[in-house]
Amino acid sequence: MIMADSSNGAPGTSVTVATPGRELDEFENPGLPPHRPRLADRDPRAEKRAERQVALLFLISVLGTLLFFAGYFFVPLNETIERLRLQNLMLGLGTAFAMLGIGVGIVHWAKTLMPDHEVTESRHEIRPEKDRRDAEKIVNDILDESGIKRRPLIRNTLLGAALLAPLPAIAIFRDLGPLPGNSLKHTMWDTGVRLTRDPSGTPIRASDVTIGSAFHVIPEGLNEVENKLEEKAKAVVLLMRLDPEELNPSPGRENWGYDGIVAYSKICTHVGCPVALYEQQTHHLLCPCHQSTFDLEQECEVIFGPAARPLPQLPIEVDDEGYLVASSDFQEPVGPSFWERG
Amino acid sequence: MKNFSSSGTTRGRNHFVKALSQRRRHPLAAFALLLMALLVTGGIYAAASTANEAQAQTTTFTANDVEEGSKLFSANCASCHGMGATGSDAAPSLVGVGAASVDFQVGTGRMPLQMNGPQAQAKPVQFTEEQIRQMAAYVASLGAGPSIPSEEILDASEGDSSNGGELFRVNCAMCHNAAAAGGALTRGKFAPSIDGTSEKHIYEAMVTGPQNMPVFSDANISPEDKQDIIAFLKTIEEQGSPGGAELGSLGPVSEGLFIWVAGLGVVIAFTVWLTSRSS
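Going down the list, the protein sequences come from chains G and B.
Position one of the first sequence corresponds to residue 1 (this note's numbering), numbered consecutively onward.
Position one of the second sequence corresponds to residue 1 (this note's numbering), numbered consecutively onward.
All the pointers check out, no bait thrown in.
Below are the SDA-like pairs computed for lysine to any residue, each with C-alpha atoms no more than 25 Å apart in a straight line:
id, chain 1, residue 1, chain 2, residue 2
1, G, Lys228, B, Glu166
2, G, Lys111, G, Pro34
3, B, Lys71, B, Val95
4, B, Lys189, G, Ile303
5, B, Lys189, G, Leu242
6, G, Lys232, B, Asn163
7, G, Lys111, B, Thr271
8, B, Lys123, G, Thr282
9, B, Lys189, G, Val271
10, G, Lys232, G, Val271
11, B, Lys189, G, Ala308
12, G, Lys111, B, Ala269
13, B, Lys71, B, Ser141
14, G, Lys228, B, Asn163
15, G, Lys232, B, Ala219
16, G, Lys232, B, Ala179
17, B, Lys189, G, Asp295
18, B, Lys189, G, Gln291
19, G, Lys232, B, Ala178
20, B, Lys71, B, Pro92
Residues from chain G that face chain B, not an exhaustive set, calculated with beta carbons under 10 Å:
id, residue
21, Arg36
22, Leu39
23, Ala50
24, Ile81
25, Leu89
26, Gly92
27, Val104
28, His108
29, Lys111
30, Asp116
31, Val209
32, Thr210
33, Ala276
34, Gln280
35, His284
36, Gln291
For the record, the hints were derived by calculation from the structure and aren't laboratory data.
Please read these numbers as outputs of a predicted model, since none were measured by experiment.
Think of the CB as a built atom: it goes at the ideal place given N, C-alpha and C, for glycine as much as any other residue.
Could you build all of it, start to finish, from the sequences and the hints given here?
Spelled out as structure tokens, the structure:
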């Protein structure tokens with residue numbers, strides 16, 4: 001099995017790079033190291049052993065595939081999670097062994113049994129001018145043989161077809177629309193809309209919200225609307241109560257809360273993750289995605305992280321029956337920036 | 001962070017329930033059911049009568065409990081919380097925090113505080129149950145606050161874990177992680193893992209809002225809903241992962257670390273093997 005190759009070894013031939021006008025140090029071509037036969041090349045028993053190892057690896061692959069199908073067909077799922085766990089284990093291990101068995105087997109085969117003679121491939125001479133001329137000739141030949149210059153009918157119809165062909169793509173992309181219009185600037189909140197608990201939709205009395213509390217809030221009627229998830233994605237609010245002394249409302253926003261109860265949009269102004277990690281002592285709101293931190297005491301100013309704007313506040317008041325209601329919609333678009341936001 | 005006080009009794013009870021459901025077609029099942037019904041009826045009566053006592057106890061306790069609790073408080077807590085538990089620069093006032101707060105903070109080992117830091121961490125419990133009850137009695141006597149929950153409301157087998165799961169994902173999962181494995185907060189604080197926490201301590205944490213956890217009062221999440229949440233937590237605690245290594249259920253951080261280290265390690269090992277000469 002030893003494949004002798006003229007290129008392996010034979011030191012002594014010298015390689016020079018002839019550069020006119022400059023003398024280069026000649027060096028001895030060290031050649032390739034002497035070919036060393038592998039164990040399987042010298043010993044028939046080792047060869048046999050390697051052959052069996054490869055076959056065993058392929059068999060492992062077969063067993064892996066069988067394990068996969070055993071899990072797939074013969075582990076019926078019931079209401080317990082143990083069956084699911086067993087099935088997942090068998091599917092995972094089965095696929096892994098099926099793939100690894102083949103892959104490792106082939107590599108082992110190639111490394112131990114297939115010919116391993118060394119080969120030298122010389123680098124081609126670089127001929128830039130000639131290669132460029134050849135390429136130019138090929139292009140010109142194509143243009144001549146196609147006759148596109150002599151047949152304007154074909155040329156013009158091809159141009160027309162090529163210009164029209166992308167139009168269906170425009171129609172298809174148009175179906176991604178319609179454009180959102182001003183729906184990004186408005187939510188379900190409006191004057192008098194009650195604040196209700198997520199997910200039950202029950203209204204919240206101001207007296208329910210004790211100091212230190214955090215309520216996850218959706219607008220009343222959200223559970224009944226048609227595009228519930230789209231509306232919810234914009235309208236979710238976190239309602240918190242803290243000591244009114246700790247709030248520092250800016251002029252014009254003094255009556256946006258009620259006795260220390262404040263409501264802020266839960267949608268992060270960075271990329272729109274729900275900001276709901278509320279620390280009731282430090283009054284920090286943390287976004288779990290990129291660690292933007294908002295300070296409730298300063299109207300949810302950003303005190304850390306990549307968010308660029310404070311969380312929008314929902315102005316709230318209390319209705320005749322003692323329930324919390326919105327005074328209006330948010331005064332600015334909620335969530336991350338978008339092109340038309342301005 | 002699995003150093004919460006664990007509850008071996010719940011685990012045992014649920015295994016018992018599972019064994020029961022598997023043998024429900026046994027010929028003696030009807031007889032056993034009858035026997036059990038009798039026991040349960042009697043048990044509920046007994047439990048209800050003692051629970052009423054317990055409920056009464058949580059609000060009044062005995063004068064002796066308050067007396068003993070006061071002594072324990074002066075000896076162990078007053079250096080930070082002040083004489084009369086009115087608070088100091090180092091620690092908040094405990095007037096009106098309720099018995100549930102004491103039972104949670106001391107019962108999980110968070111109090112007495114081991115060291116100053118971003119937040120008090122759980123550690124081995126420093127007092128006996130009796131002593132904790134007495135301190136709770138003393139603090140409850142200072143002002144009205146959440147009381148220690150009754151046994152019935154803590155019975156996870158009575159809860160609806162499906163509803164509990166929904167409530168958990170809305171109210172709790174953002175900090176404690178969807179698998180209740182805990183997560184990081186700002187500036188060194190963290191929401192601990194809930195795995196292994198007893199029903200009572202879960203309930204008390206919700207009503208009292210320890211440290212930076214918001215309060216989830218009964219007006220926000222009703223006691224029945226709290227029971228559902230506990231049922232959900234106990235369900236996921238028992239059933240475990242649906243397959244594969246959980247890697248702490250921490251999501252992309254631990255999974256990413258694993259695949260970058262172990263996955264790339266395997267790729268490098270294969271590369272070395274592929275390019276090496278066979279012997």
